[in-house]
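Those protein sequences? They're chains A and B, same order as listed. The first sequence maps to residues 543 to 804 in this note's numbering. The second sequence maps to residues 124 to 352 in this note's numbering.
Treat the hints as calculated values from the structure; they're not laboratory data. Among the hints, a few may not be true.
Claimed, not checked - On the chain A side, residues computed to face chain B include the following (Cβ under 8 Å):
| # | residue |
| --- | --- |
| 1 | Phe577 |
| 2 | Ala621 |
| 3 | Asn758 |
| 4 | Tyr798 |
Claimed, not checked - Here are the simulated lysine-lysine pairs, BS3-like style, with alpha carbons at most 27 Å apart:
| # | chain 1 | residue 1 | chain 2 | residue 2 |
| --- | --- | --- | --- | --- |
| 5 | A | Lys639 | B | Lys158 |
| 6 | A | Lys718 | B | Lys303 |
| 7 | A | Lys616 | A | Lys639 |
| 8 | A | Lys639 | B | Lys303 |
| 9 | A | Lys617 | A | Lys639 |
Ideal Cβ positions, reconstructed from N, Cα and C, are used throughout, including at glycine.
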Amino acid sequence: MRRQIPLLITLIVGAVLIIAAFIPRAPFGRLGENFSLYFDIIAVFAFLLGGGNLVRIHGARLVRGVGMAVTEAKKGGGAWPLRFVIEFPFLAFGGLKDRRGRDWFFSLITLLGFFAMLAAGLLKLGNPSGWQGNVTAPEGMFQDFYDSMFNPLQATMYALLAFFVASASYRAFRAKSAEATILLVTAFIILLGRTPAGAYVTAWMPESLSFLTVPNLANWVMAIPNLAGQRAIIIGIALGVIAMSLRVIIGIERTYLGSDEK
Amino acid sequence: MWMDHPGWVLFGTWVAALFTLGIATFLYKDNPVYKFCEAVFVGISAGYWFVSYFWQTLLPKLGYPFYAGVKTVFVGPAEWGWLVLLIPGTLGMMMLLRLVPKAGWIARWPLAFIVGYTAGLRLITFLQSNAMTQLQNSVQPVVRYNESGQFLGWESFNILLVTVGTFAGLFYFFFSQEHKGVFGRVARVGTWFLMITFGAAFGYTVMGRMSLLIGRLDFLLADWLHLIR
Numbered sequence: 543m544r545r546q547i548p549l550l551i552t553l554i555v556g557a558v559l560i561i562a563a564f565i566p567r568a569p570f571g572r573l574g575e576n577f578s579l580y581f582d583i584i585a586v587f588a589f590l591l592g593g594g595n596l597v598r599i600h601g602a603r604l605v606r607g608v609g610m611a612v613t614e615a616k617k618g619g620g621a622w623p624l625r626f627v628i629e630f631p632f633l634a635f636g637g638l639k640d641r642r643g644r645d646w647f648f649s650l651i652t653l654l655g656f657f658a659m660l661a662a663g664l665l666k667l668g669n670p671s672g673w674q675g676n677v678t679a680p681e682g683m684f685q686d687f688y689d690s691m692f693n694p695l696q697a698t699m700y701a702l703l704a705f706f707v708a709s710a711s712y713r714a715f716r717a718k719s720a721e722a723t724i725l726l727v728t729a730f731i732i733l734l735g736r737t738p739a740g741a742y743v744t745a746w747m748p749e750s751l752s753f754l755t756v757p758n759l760a761n762w763v764m765a766i767p768n769l770a771g772q773r774a775i776i777i778g779i780a781l782g783v784i785a786m787s788l789r790v791i792i793g794i795e796r797t798y799l800g801s802d803e804k
Numbered sequence: 124m125w126m127d128h129p130g131w132v133l134f135g136t137w138v139a140a141l142f143t144l145g146i147a148t149f150l151y152k153d154n155p156v157y158k159f160c161e162a163v164f165v166g167i168s169a170g171y172w173f174v175s176y177f178w179q180t181l182l183p184k185l186g187y188p189f190y191a192g193v194k195t196v197f198v199g200p201a202e203w204g205w206l207v208l209l210i211p212g213t214l215g216m217m218m219l220l221r222l223v224p225k226a227g228w229i230a231r232w233p234l235a236f237i238v239g240y241t242a243g244l245r246l247i248t249f250l251q252s253n254a255m256t257q258l259q260n261s262v263q264p265v266v267r268y269n270e271s272g273q274f275l276g277w278e279s280f281n282i283l284l285v286t287v288g289t290f291a292g293l294f295y296f297f298f299s300q301e302h303k304g305v306f307g308r309v310a311r312v313g314t315w316f317l318m319i320t321f322g323a324a325f326g327y328t329v330m331g332r333m334s335l336l337i338g339r340l341d342f343l344l345a346d347w348l349h350l351i352r
């Protein structure tokens, strides 16, 4: 029952969606639409589960870490709360000997951030239209958190990758083989061709050789050889997905169910 | 409203600037300031998606229709179409049981629904839009003429290149055959085309990251420090 029913659900849902593509009339067409709605709703619960898991894991780490920090503070004897406050930087930032207790302070920060965002969003704090207003109203606290915390943190996190990409480029661009050289030349043409510098360095070329200017070369690379490679990748992925989907629907692929012990 | 107050806006700008600098400290090495900002990011982003899906999907697709349906039963005229919402609602609640160790296996049912739905949908969409359409576009005459019957050399060459590149690339993806002899040489040509695609993707990724970096520097220098306009 723990495995058979999930396999049956997968088979029925997958089969109905495939049949609905060939027979888009009742009951299959309608069922396909309903399943789409069900999928959206269940996917939201998966996000809620993610939030719950975050609280569970960081909550456990916080409780364990604080417990160890208090034990550490008590070792010195005397007024341990005072010692806890004095030694806080040591106890909070990785000073505990036991690795499982470290970083509890950051778990606390994660939980505070999570609950602050939940309170701002679910209660629509500061929203000019109150409960009736849109949660992303510009004057609301939820949007303020997004603008002053979520957005800069996310953008900077991705922007940091520029530096790591530069370091990766150095390693990749040491043309050691024909393949690495092709990658290097293509990336160089695209980078140069999509910036004003590309047009500038080849501006001297006569009209008859305009197809050799870097921007035109970049356009050609994108439209012809890049298209060929992309098609091969897309067709390859599609064949893989089709095969894997069939395996899942007919029950050959069962790894998503996990082991029987759970 | 106090949130419109210039002081609050200025505070928000400072918070954003300090978080930007905090994340940037990772360029030196992993440190507590970065870890602090990272922890805030994890918490805030989890909360953000939680709230967004709650208001934008869960309530409009489940909460409000369910409430309206139940209301018709008491106020009349009674409608029963809302009862189908019990299916995703129940499956969703079963998904949350994953948090209870002893009842965690029940979460397999909604998971099976999600996997089945994704497999069925992907099978059709990838077959239609990826495999069939791409193959259809790849299998075309490589010798091109214009309306007056004149041979179009450059266009023909380009189409030939796309066709050869596509099929050579597909040869590379045949892992059931050892890449030796003629097969291996064709697969090798395929890797050249794949490398061009990866090079182009790499170039665009670098540009995208640089653009983000410029955006953050622009924020720090213009919006925060007012050093540039």
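Going down the list of hints, with the structure as the test:
Taken as an interface hint, Phe577 (chain A) checks out: its beta carbon lies about 6 Å from the nearest beta carbon of chain B, inside 8 Å. For the restraint placing Ala621 (chain A) at the interface with chain B, the shortest Cβ-Cβ distance is roughly 26 Å, beyond the 8 Å limit, so the hint is violated. Interface hint at Asn758 (chain A): violated, since its Cβ lies 13 Å from the closest Cβ of chain B, which is beyond the 8 Å cut-off. Nearest Cβ of chain B to the Cβ of Tyr798 (chain A): about 5 Å, under the 8 Å cut. The hint holds.
Between Lys639 (chain A) and Lys158 (chain B) the CA atoms are separated by roughly 19 Å; this keeps the pair inside 27 Å, and the hint holds. Straight-line distance between C-alpha atoms of Lys718 (chain A) and Lys303 (chain B) comes to about 22 Å, which keeps the hinted pair within the 27 Å bound. Proposed proximity of Lys616 (chain A) and Lys639 (chain A) is supported: the alpha carbons are some 15 Å apart, at most 27 Å. With a C-alpha separation of about 56 Å, the suggested pairing of Lys639 (chain A) with Lys303 (chain B) is violated against the 27 Å cut-off.
Restraint check for Lys617 (chain A) and Lys639 (chain A): satisfied, since their Cα atoms lie roughly 13 Å apart, inside the 27 Å limit.
Checked against the numbered hints above, the structure breaks hints 2, 3 and 8 and satisfies the rest.
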